[in-house]
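Undergrad: The task is simple: from the sequences and hints, build the whole structure.
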Amino acid sequence: MIHFQQEFDRLISSLPTEKSAMQKLRKDAFNDFLQIGLPTKKWEDWRFTDFSSIEDFPSKIVDSNQRDAVDLSLNKISGAYHIISINGLFQSSLSSLPKHITIKTGDEFFDSHHSVFINNKDSNPFEFLNTSFMRSGLSININENVIIDKPIQIINIITDSATSKMIHPRLFIESGKNSDATIIEHYYSMTDNEFLHNPVSQINLNKNAVMKFVRIVENNRQLKHIGKSQFDLKQDSQLQYVSFSCESNLIRHDVAIDFNGDGATASLNGLSISENDEHQDQNIILNHLNNFCNSDQSFKNILSDSSSGVFNGKVIVHKGTRQTDANQSNKNLVLSPSSLMNANPQLEIYSEDVKCSHGSTTGQISPEELFYLRSRGLNKKKAMELIVEGFAADIIELIQFKEAREYISNRVSAILGRVLA
Amino acid sequence: MLTIKNLHAGVNGKAILNGLNLTINPGELHAIMGRNGSGKSTLANIITGRDDYEIFSGDIEFNGKNIHEMSPEERALEGIFMSFQYPVVIPGVNNTYFLRAALNAQLKHNNQDEVNAADFMILIREKLKLVNMDETYLSRAVNDGFSGGEKKRNEILQMLTLQPKLSILDETDSGLDIDALKIVAKGVNNFRNANRSFIAITHYQRLLEYMEPDHIHILIDGKIVKSGNMKLAQEIEKKGYSWLET
Numbered sequence: 003m004i005h006f007q008q009e010f011d012r013l014i015s016s017l018p019t020e021k022s023a024m025q026k027l028r029k030d031a032f033n034d035f036l037q038i039g040l041p042t043k044k045w046e047d048w049r050f051t052d053f054s055s056i057e058d059f060p061s062k063i064v065d066s067n068q069r070d071a072v073d074l075s076l077n078k079i080s081g082a083y084h085i086i087s088i089n090g091l092f093q094s095s096l097s098s099l100p101k102h103i104t105i106k107t108g109d110e111f112f113d114s115h116h117s118v119f120i121n122n123k124d125s126n127p128f129e130f131l132n133t134s135f136m137r138s139g140l141s142i143n144i145n146e147n148v149i150i151d152k153p154i155q156i157i158n159i160i161t162d163s164a165t166s167k168m169i170h171p172r173l174f175i176e177s178g179k180n181s182d183a184t185i186i187e188h189y190y191s192m193t194d195n196e197f198l199h200n201p202v203s204q205i206n207l208n209k210n211a212v213m214k215f216v217r218i219v220e221n222n223r224q225l226k227h228i229g230k231s232q233f234d235l236k237q238d239s240q241l242q243y244v245s246f247s248c249e250s251n252l253i254r255h256d257v258a259i260d261f262n263g264d265g266a267t268a269s270l271n272g273l274s275i276s277e278n279d280e281h282q283d284q285n286i287i288l289n290h291l292n293n294f295c296n297s298d299q300s301f302k303n304i305l306s307d308s309s310s311g312v313f314n315g316k317v318i319v320h321k322g323t324r325q326t327d328a329n330q331s332n333k334n335l336v337l338s339p340s341s342l343m344n345a346n347p348q349l350e351i352y353s354e355d356v357k358c359s360h361g362s363t364t365g366q367i368s369p370e371e372l373f374y375l376r377s378r379g380l381n382k383k384k385a386m387e388l389i390v391e392g393f394a395a396d397i398i399e400l401i402q403f404k405e406a407r408e409y410i411s412n413r414v415s416a417i418l419g420r421v422l423a
Numbered sequence: 004m005l006t007i008k009n010l011h012a013g014v015n016g017k018a019i020l021n022g023l024n025l026t027i028n029p030g031e032l033h034a035i036m037g038r039n040g041s042g043k044s045t046l047a048n049i050i051t052g053r054d055d056y057e058i059f060s061g062d063i064e065f066n067g068k069n070i071h072e073m074s075p076e077e078r079a080l081e082g083i084f085m086s087f088q089y090p091v092v093i094p095g096v097n098n099t100y101f102l103r104a105a106l107n108a109q110l111k112h113n114n115q116d117e118v119n120a121a122d123f124m125i126l127i128r129e130k131l132k133l134v135n136m137d138e139t140y141l142s143r144a145v146n147d148g149f150s151g152g153e154k155k156r157n158e159i160l161q162m163l164t165l166q167p168k169l170s171i172l173d174e175t176d177s178g179l180d181i182d183a184l185k186i187v188a189k190g191v192n193n194f195r196n197a198n199r200s201f202i203a204i205t206h207y208q209r210l211l212e213y214m215e216p217d218h219i220h221i222l223i224d225g226k227i228v229k230s231g232n233m234k235l236a237q238e239i240e241k242k243g244y245s246w247l248e249t
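Those sequence lines, one after another, are chains Y and V.
Sequential numbering of the first sequence, starting at 3, is according to the working numbering.
Sequential numbering of the second sequence, starting at 4, is according to the working numbering.
One or more hints might be untrue.
Straight-line C-alpha distance at most 25 Å; calculated DSS-like pairs for lysine-lysine [claimed, not checked]:
1) Lys78(Y) / Lys26(Y)
2) Lys68(V) / Lys168(V)
3) Lys179(Y) / Lys230(Y)
4) Lys230(Y) / Lys333(Y)
5) Lys44(Y) / Lys230(Y)
6) Lys8(V) / Lys68(V)
7) Lys382(Y) / Lys111(V)
8) Lys382(Y) / Lys168(V)
9) Lys316(Y) / Lys43(Y)
10) Lys209(Y) / Lys152(Y)
11) Lys382(Y) / Lys154(V)
12) Lys384(Y) / Lys168(V)
13) Lys185(V) / Lys154(V)
14) Lys179(Y) / Lys101(Y)
15) Lys383(Y) / Lys111(V)
16) Lys152(Y) / Lys78(Y)
17) Lys384(Y) / Lys154(V)
18) Lys382(Y) / Lys68(V)
19) Lys234(V) / Lys185(V)
20) Lys29(Y) / Lys179(Y)
21) Lys123(Y) / Lys26(Y)
22) Lys132(V) / Lys185(V)
23) Lys384(Y) / Lys111(V)
24) Lys152(Y) / Lys101(Y)
Derived from the structure by calculation, the hints contain no laboratory data.
Here the structure is a predicted model, which means the values were calculated and not measured.
TA: Structure follows, in structure tokens:
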């Protein structure tokens, strides 16, 4: 932790002109971080992931000014607007923005949304860490009563090629009432060096807003990605969320959904692929705090080599709520005898007027399916590819935006091509 | 086309076929009848090369080639096809994509040009009509949500598309109502010609009324104990199998 302390002191002294309220926010958050420390094996919701590599991480904040010419053609999903952030700084000149949204960064963001940054007692250490070290941040306000005509892809690219850097992106989206938008939150690394990625996102859906949300983390074998996404759903709002993550040394992602109004619905889905000795930990908490809310979860892991995974999903139906319908499914496909999956689907129900289901399965490729395809003349590798792609397709097909679907399908095919070789 | 000599085989070390002999010439349809456990499905699995099934002794030759060491896909590419007794559901794998991939594997094996997506659609639509299936089939996953009859018709559709030399119909009639049975039988009958051979495994004489076999064999305890023509099937229907047991 000494490295974090040193870097924090350096940050504070490098920002002499920062407003005192902001500096207080950072200092309070950093004190909270030091006080609770990193998660240990004794923390119930964290115990399957080893954070000791973070403890000793020789962290240095990313150099935001380092900006070589960046080729974005590989990451831009066509048919979308693009909001580009390089090494943590929003790049206005590289971005294309739709009408009906307002973007704020830096002081402008902090001043107008101060309450967003106040961590509460439930915050995890990495949220405190984010508030301590975050830089400009990015807030997106979507107007009321508008349909954004094309999806908005927010590309967070790291180009800083120095080793042992860290970055703390902060995203805030306020989706106006009756608005309809698709957001792709995309984390992509151009370097292969060890990196700590610590994003925190807060997304508010106001009354009757519709949001289709895609989250992608990819492309750095040495990446440690520890992120939190908080969704606040007001009355009759609809969230459709699909995540895809791969090619990272360590991923821990927390998703928390609060149903803060009657009649809100959330569909939460995710696909994680792990290779080598990678580890991915997905932690979901859904708080059913109001009536007539539906949630549907489907998370899948594909594990190869000696990789490992965790699915921790909790649905809490609070006392006095009526007509909750909550379903949770977790399916894991293990491609190697040395990979390991920990699955822990949980329901906590304090109301009587509910319909809930949950289930989790972990298994290998079915020999019956494999034989069936081979008996039609497909070789073993091709047959396995079809089966695993089919397993993944259930999740990918939930993405309505065709180009995003194709982007992810291509990534999956490329990974399976080498994993099943 | 297929020559089986003194075949001893089984599953997980357990002997099920005990000295089976069978010769099938091009253009012939052979029916194999027998009780549950007599070894009918084991024979189908041995010919198609399913894992866990092993040959202890004897020979299986297909078009002059010994197939013992061939993988299931090599056997398929040589022209062996099985219509599964219980077709497997493969979630997320699209029928059209799968079947075109299988056909292209076959074409490639035969040094022929692969078929592109557009031409395949024309071809598959023709075949769908032959088994009375509608076009929603094309966008569905393999056997996913299919009724029993649809699954069996899908097997026949795959056979008509892949054009195998030897087709093994493993209890293709079981679980079918009479209308579905007629569709399946019609599909098979239209596909029959002087170069294509069939093994129809069945419990019931009913199937054989719709697709006339050239030979009927009765399998008991892993051996063919009697061979004959339709009269033999009718006798079995009346008297059962016990009169053939020693």
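Undergrad: The structure should be examined with respect to each hint, and the outcome stated for every one.
TA: Structure-based check of all given hints:
For the given pair, lysine 78(Y) sits about 37 Å from lysine 26(Y) by alpha-carbon distance, which is inconsistent with the 25 Å threshold. Distance restraint check for lysine 68(V) and lysine 168(V): the Cα-Cα separation of roughly 14 Å lies within the 25 Å cut-off, and the hinted pair is therefore satisfied. Distance check on the hinted pair: lysine 179(Y) and lysine 230(Y) sit about 24 Å apart at the alpha-carbon level, within 25 Å; holds. At roughly 22 Å between alpha-carbon atoms, lysine 230(Y) and lysine 333(Y) fall within 25 Å of each other, so this suggested pair holds.
At most 25 Å may separate the alpha-carbon atoms for a hinted pair to count; lysine 44(Y) and lysine 230(Y) meet this at roughly 20 Å. Taken as a hint, the lysine 8(V) and lysine 68(V) pair is honoured in the structure, with Cα atoms around 13 Å apart against an allowance of 25 Å. Taking the CA atoms of lysine 382(Y) and lysine 111(V), the gap is near 16 Å; set against the 25 Å cutoff, the hint holds. With a C-alpha separation of about 22 Å, the suggested pairing of lysine 382(Y) with lysine 168(V) holds against the 25 Å cut-off.
Of the pairs offered as hints, the one joining lysine 316(Y) and lysine 43(Y) holds, with about 19 Å between alpha carbons and a cut-off of 25 Å not exceeded. For a cut-off of 25 Å, the pair hint linking lysine 209(Y) to lysine 152(Y) stands: about 21 Å separates their Cα positions. For the proposed pair lysine 382(Y) and lysine 154(V), the alpha carbon gap of about 23 Å is at most 25 Å, so the pair holds. Our distance criterion of 25 Å between C-alpha atoms is met by lysine 384(Y) and lysine 168(V), whose separation comes to about 23 Å.
Between lysine 185(V) and lysine 154(V), the direct Cα distance comes to roughly 15 Å. Compliance with the 25 Å bound is thereby established for this hinted pair. For the suggested pair lysine 179(Y) and lysine 101(Y), the alpha carbons sit about 16 Å apart, so the restraint of at most 25 Å is met. Proximity of lysine 383(Y) to lysine 111(V) is assessed by CA-CA distance (about 16 Å); at most 25 Å being required, the pair is judged to hold. Distance hint between lysine 152(Y) and lysine 78(Y) is fulfilled; the C-alpha atoms sit about 13 Å from each other, no more than 25 Å.
As the CA atoms of lysine 384(Y) and lysine 154(V) are separated by approximately 23 Å, the hinted pair is consistent with the 25 Å bound. Using a Cα cut-off of 25 Å, the hinted pair lysine 382(Y) and lysine 68(V) holds, with the two alpha carbons roughly 22 Å apart. This hinted pair checks out: lysine 234(V) and lysine 185(V) have alpha carbons roughly 21 Å apart, not beyond 25 Å. This hinted pair does not check out: lysine 29(Y) and lysine 179(Y) have alpha carbons roughly 35 Å apart, beyond 25 Å.
Our distance criterion of 25 Å between C-alpha atoms is met by lysine 123(Y) and lysine 26(Y), whose separation comes to about 17 Å. Only pairs whose Cα atoms come within 25 Å are accepted, and lysine 132(V) paired with lysine 185(V) is accepted, the gap being roughly 14 Å. Of the pairs offered as hints, the one joining lysine 384(Y) and lysine 111(V) holds, with about 14 Å between alpha carbons and a cut-off of 25 Å not exceeded. As the CA atoms of lysine 152(Y) and lysine 101(Y) are separated by approximately 10 Å, the hinted pair is consistent with the 25 Å bound.
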